[in-house]
Amino acid sequence: MTKLLKADFARLFKNKVFRLGVIVQTLLAVDAVYAKYIYRRDFPEEHIVPDGLILAGAEFVGIIISVFMGSFIGNDYKCGTIRNKLAIGHSRLAIYFSNLIVCSAASLILHFIWFAVLFFGEGTGLTNKFETPASEIAKMIFISSFDVIAFAAIFLVVCMLVSSKSASSVAAVLMSFAMIMIALTIEYKLNQPAYYPDETYITVDENGETREEHYEGGVNDDYPTETERKIYEFLNLLLPQNQIRDSIYRAKQNMYLPLYSLSLTAVLTTAGAAVFNRKDLK
Amino acid sequence: MSKLYSANMSRIFKSGIFLLCIAAMLIFTLFQIKNGIDYLESERKPISLEDCYFNDGPFFTLFFSVFIPMFMGKEYSFGTIRSKLTVGHTRGTVYLAYFLSCLTGVGILLAVWFLAGLTGIPKLGLWQADAVTIISQFLITILYSAALTAIFTFFSMMITSRSVSAVFQIFMALGMIVLASMCYNTLCEPEFSREVVFINNAMTLAEPKPNPYYISGIQRTIYIDLVNILPPGQGILMLHDETANDVPNMPILQMVSSIAATFIFTIAGMFIFKKKDIK
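Going line by line, the protein sequences match chains A and B.
Take 2 as the starting number for the first sequence in the working numbering and just add one per residue.
Take 23 as the starting number for the second sequence in the working numbering and just add one per residue.
No lab work stands behind these hints, which were simulated from the structure alone.
Worth double-checking, as some hints may not be accurate.
Each computed BS3-like pair below joins lysine-lysine, with the alpha-carbon atoms no more than 25 angstroms apart [to be verified]: (1) B:Lys56 with A:Lys79; (2) B:Lys36 with A:Lys79; (3) B:Lys36 with A:Lys283; (4) B:Lys56 with A:Lys190; (5) B:Lys96 with A:Lys280; (6) B:Lys96 with B:Lys298; (7) B:Lys56 with A:Lys17; (8) B:Lys36 with A:Lys17; (9) B:Lys296 with A:Lys17.
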C-alpha cells in the first residue's frame, strides 16, 4: 500500500492535466479576487466584502477534478498499469484505496489553492476584510474539505468501473455538470412558496401613465409534496455540490454535514471497491 | 467514397454512444414538451408548440459534442483510419466520408427531436407562427447543426487522442453556449433605466439614467454579430421576442454564416488532414 501510494503520488505530480488544473484553479481564484478589487476601486462608497467567494472555489474543484480523474485513472487502464500492479501482488482493494487517497489529496490541493489566493488577497489589502468571523470561515473550510473528498469518491466509482478512458472521462465531466444542475433544481424546488398571494403591480409606461395589473394568487403547483420535500431535503444535505451551494447562499453551517459527506464517500467506496474486486480487467 | 460512407454508417448505427444520444434526445425533447404542457395547465398562459421545440436549440451543441468525438475517436484508437488509407482511399475522401456520415447521424438526431416534439400537438396545438417563420427557423436549425458537425468533425480529425478530443470538445461546446448567452444577456440591457420614486405617496417616474451595463458602438455590433454567428446564439435568438428588447435577429446572416462555417471548417480540415502525421 505504501509503495502504491508513493507511485501514485509521483504520477499525480507529473500528470499534465493535474498541473493544468492547478493553473486553472489559481487563475480562477486570482480572477475572483481581482474582480472584487476592481469593484472596490470603482465603487469606494460601497462596502464590498469577499465573503461570497469563500466556497465558490469548491464548485470549480468538482469540475476540474472530474477532468483530471478521467485522465489519471483512465491512463492506468489504457497503459495497463492496473494489470501490472495486480501482477506484482497488490490487492485490488489496495489499488482502489490508493487511488481514492491520491485523488482526494488532489482535490484538497486544488481546494486549498483557492483559499491561499483568497487569504493572500485579504491579507495584502486587495479586497476588504471578511465579514464572517474567523471561526465560521474555519468551519466552512472544514466542511467543504469533506465535500471535495466526496467529489473524488463519486468520480472514482465511474472511472474505476469504466475501462475505456474516453468513456469514463466524458461520463465524469458530464456528471460534474449534472451535479450542478441537480443542485440548482433542488434549490429551486425547496424555495418554492406553497401559495401565491394576490398581487397588484403598478407599472408606469414611457408616457408616464400608470396601469394596474392584478394577479390572483393560488396554490403553487410546483410546491413539492411532503414526501418529495423530504427527499429533496435529504439530497440537499447529502450531495456535495448541494452542500457547497447551501453554504454559499444561506450560510447555514451545520457541523453534521461532514458526516453526510463521509457516509456518501464510505458507501460509494465500499460499493465501488466491491464491484471493482469482481471486475474483468482483461 | 460510397463504400467508406456506408461502412461509417453501419458503424454509427452499431455505436453505443449514438444510441445513447438518440435516447437522451428523445427524453430531453419529451421532457421539454411535458414542461410546456404543465406550464399551459398551471399558469393558463398561452405557450406555442414552437416555444417547446426551439427551447432545445442551444443544447444541441452539447449533444453533438458528445456524439461526434466519441464516434470519431474510435477510428483513431482502433487504427481504422490507417487501414482505410492502406487499402487505397485518399485522405480527402476519408475526411469527407466522415463528415457526411456524422452529418447523417446529426440529421437522425434532429429527426428524433422533430418527431418527439410532435407528441405535443394534441395538447399544445399546431405551430402558431406563420409558415415562413417556422420553415426558416427549422432551416436555421438544420444549417447550424451542419456547421456544428463541421466544427466537431474538424477537431475530432485533428486530435488523435480520443479522450482528449472528447473532453476538449465538451468544454468547447459549453464555452460556445456560455459565450453566446453572455453576449445575449449583455445586449438585452436597456439603454436607460428609469426608477419609480414616491413623492407625497404618489408614484412618479424619475429622470431616465443611462444604464452603465448598456453597450454601444462597435462593441454592440460585435456582440450582435457574435450572437447571430455562434450556433447556440442562433438557438437562443429563436425564442427571442424582438419587441421586448433591441437584439436584432438576422436570419440571413445566420444562414450564411452557418453555411460558410460548414465549408471553411471542412475544406480547412481536409487540407490539414492531408498533411497530418498519422502514426
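Each hint, compared with the structure:
1. Taking the CA atoms of lysine 56 of chain B and lysine 79 of chain A, the gap is about 42 angstroms. The hint is violated against a cut of 25 angstroms.
2. Pair hint lysine 36 of chain B plus lysine 79 of chain A holds up; C-alpha atoms about 23 angstroms apart against a cutoff of 25 angstroms.
3. About 22 angstroms separates the Cα atoms of lysine 36 of chain B and lysine 283 of chain A, which keeps this hinted pair within 25 angstroms; it holds.
4. In summary, the hint linking lysine 56 of chain B to lysine 190 of chain A is supported, as the alpha carbons are separated by about 17 angstroms, within the 25 angstroms threshold.
5. Restraint check: the Cα-Cα separation between lysine 96 of chain B and lysine 280 of chain A comes to about 23 angstroms, which is no more than 25 angstroms; the hinted pair holds.
6. This hinted pair checks out: lysine 96 of chain B and lysine 298 of chain B have alpha carbons roughly 18 angstroms apart, not beyond 25 angstroms.
7. The suggested pairing of lysine 56 of chain B with lysine 17 of chain A is violated, with an alpha-carbon distance near 44 angstroms, which exceeds 25 angstroms.
8. For the hint pairing lysine 36 of chain B with lysine 17 of chain A, the CA-to-CA distance comes to about 34 angstroms; that exceeds 25 angstroms, so the pair is violated.
9. The straight-line distance between the Cα atoms of lysine 296 of chain B and lysine 17 of chain A is roughly 29 angstroms, outside the 25 angstroms bound, and the hint therefore fails.
Going down the numbered hints, you'll see the structure goes against 1, 7, 8, 9, while the others check out.
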